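As they're listed, the protein sequences go chains B and X. The first sequence runs 1 to 379 under the UniProt record's numbering. The second sequence runs 1 to 379 under the UniProt record's numbering.
Note that these hints are calculated values from the structure, not bench results. Model, not experiment: these values are computed from the prediction. Be a bit skeptical, because a hint or two may be false.
Identical chains share a label here; the pair holds if one copy fits it or two copies do between them.
[Unchecked claim] Straight-line alpha carbon distances no greater than 30 Å define the calculated DSBU-like cross-link-like pairs of lysine-lysine that follow:
#1 K28 with K348
#2 K240 with K344
#3 K109 with K344
#4 K28 with K344
#5 K179 with K153
#6 K109 with K28
#7 K179 with K28
#8 K348 with K153
There are 2 protein chains.
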Amino acid sequence: MTFPVVGMVGGGQLARMTHEAGIPLGIKFKLLSDTPQDSAAQVVGDVVIGDYRDLDTLRDFARGCDVITFDHEHVPTEHLRALEADGIPVRPGPDALVHAQDKGVMRAKLDEIGAPSPRHRIVTDPEDAVAFAAEAGGFPIILKTVRGGYDGKGVWFVRTPEDARDPFLAGVPVLAEEKVDFTRELAANIVRSPHGQAVAYPVVESRQVDGVCDTVIAPAPDLDGELAGQAQELALRIAKELGVVGHLAVELFETTDGRILVNELAMRPHNSGHWTQDGAITSQFANHVRAVLDLPLGDPRPRAPWTVMCNVLGGDYPDMYAAYLHCMARDPQLKIHMYGKDVKPGRKVGHVNTYGDDLDDVLERARHAAGYLRGTITE
Amino acid sequence: MTFPVVGMVGGGQLARMTHEAGIPLGIKFKLLSDTPQDSAAQVVGDVVIGDYRDLDTLRDFARGCDVITFDHEHVPTEHLRALEADGIPVRPGPDALVHAQDKGVMRAKLDEIGAPSPRHRIVTDPEDAVAFAAEAGGFPIILKTVRGGYDGKGVWFVRTPEDARDPFLAGVPVLAEEKVDFTRELAANIVRSPHGQAVAYPVVESRQVDGVCDTVIAPAPDLDGELAGQAQELALRIAKELGVVGHLAVELFETTDGRILVNELAMRPHNSGHWTQDGAITSQFANHVRAVLDLPLGDPRPRAPWTVMCNVLGGDYPDMYAAYLHCMARDPQLKIHMYGKDVKPGRKVGHVNTYGDDLDDVLERARHAAGYLRGTITE
């Protein structure tokens, strides 16, 4: 048996679902997890408990692996370079991953390759942020710490000069961006392999609530075909120029004047691709595994006219399992994906997928299930 | 968190794929496996290594579980009764499972409920087998040990009185059955829950090579609609009368004169249902988990006009992973399911699924991939 060992750094739900997708391939899956209670650590056979920020821990873990990939973007770049120097393939590699770790580096690179971004620049202090607002046509503006943010954390919607102070308190460089007039958010998800093969999933619409992804519709309804093609080409070009291996999510704004602008990049399976588990021929997780192993990629096309994903957030009732009875009985086609996490209000603890021919019906079913599991819908 | 713990006895590929299907439900999955190298033990987080034939081992294992289910039918009936006496739900229960463990008990029960079987009776010695042959219209006849057989083992195709000796050497009771004139083998697969809900999958055609399942076509091509309905009703009736909980496979002969006769029963996910992983809205594994937890069952309908499963047997080349390159590049829609087993000639080490609109194309793709992985097709 020469089946390879894929080493996954990070024990969150992305690692959990990547393991699930890797089981059919017969590969060996090894996990480096902070605690045995982490989402993925509950379901993976070969788990090392340790801190990915400690280079010795990371090196020991990597020694038994044929390739290393990630559940998150937080592994220090210098650690990744050390693993590469040890001869362990790291996918995506540090030179690519830095663009998902540092928003300043990301914006500079996108400018360099001519990819469309909101107006932006690094700002040095609150006064400089006010100066940027003047350059960008006035408040509101967006301030972001260049490292460490996700799901709305590390991002400030700044309406006044007073609002501009908080982002600088952490002592991390701050990126200022214009507040884009957008009609909706899209995501162009692609997967790229080391030998340069790439596949593009249909462009999806991503709806956020309070800065957290709430609903994803695949494909994005009423999206102009030419704009969809542009978005896919843009994602493929970014992946190639940045040397991405694995899944790349390019989060986009669709502007009121019909353009697309890059909002964020993520180089790992992404929430905007969870619909692929039940809605695409090959899921983002299966294709991520195939990519990091340099195997030919699977067909990314949809299996149904419409697929909808709704995230399940924790509500006031800790016993989400009790809600299964109603949800499963109401919709025998419903696909529940829970992460094994303790339910806390507002915490992402799972998602549901629905698919079918009629978008209104598919949306209603997903929303009902997500709301019922959370406890905001009770009938 | 009140997510339940499902205890799976047996570490084979059925347990492996049941774990895979259970991950999205957020349940906890605990495995009792003979060795850490067993197919499921490689990928499950919570594994107990022990011998299911030892009651103390079984009891210790079951103490941490909310329900016990099985990868195989070999757990002694008295052990299952002991677990039930300890208050652990066993699904399927011993009163049902005995019909899948003992072919003599199974035939007697099918006769009692009026389910159609080949002509049969228990025979006491080779001379009695010869007498049965005379009653059944002459040789050939089939002899089976009532316990312990699978995949052609424990089954003898008996052409002469001399052939009738071997089956009695093990000292196990022997069941004689007429050799049925059948055009093909079918399987009617259903899933039933403790509260009595049941779902029926489309009836499939199962093609055997050397007594081992080779190809499954879903749905069975050109099957008369009325006969398909009879087969589903028969499987549902058997499940109800025998008190089956979980997945029930009813393997059937379609006779040359247009009837169906029960060949075998299996009360667990079954090879004839592997197509459901990629071809049905809810897989047999997901529905088995839902059934043993008494959750509402998922939709069993197909997602494509045709789905074909081909088993992958070991060939002369131990490195099956190397064959992935060709198979995945040739057919980006191919679904490979490997079991993490060492490759030995003739051993079932995985299967592939294909689906689509055109049966000839779907069949060709599955056969090519299975043959290439085995090494019998090299281009």
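Hint by hint, here is what the structure shows:
no.: 1; hint: K28 with K348; in the structure: both (28 Å within a copy, 19 Å between copies)
no.: 2; hint: K240 with K344; in the structure: neither (39 Å within a copy, 41 Å between copies)
no.: 3; hint: K109 with K344; in the structure: neither (38 Å within a copy, 51 Å between copies)
no.: 4; hint: K28 with K344; in the structure: between (32 Å within a copy, 19 Å between copies)
no.: 5; hint: K179 with K153; in the structure: within (17 Å within a copy, 71 Å between copies)
no.: 6; hint: K109 with K28; in the structure: neither (35 Å within a copy, 44 Å between copies)
no.: 7; hint: K179 with K28; in the structure: neither (45 Å within a copy, 45 Å between copies)
no.: 8; hint: K348 with K153; in the structure: within (14 Å within a copy, 50 Å between copies)
Consistency with the previously given hints fails for numbers 2, 3, 6, 7, ordered from lowest to highest.
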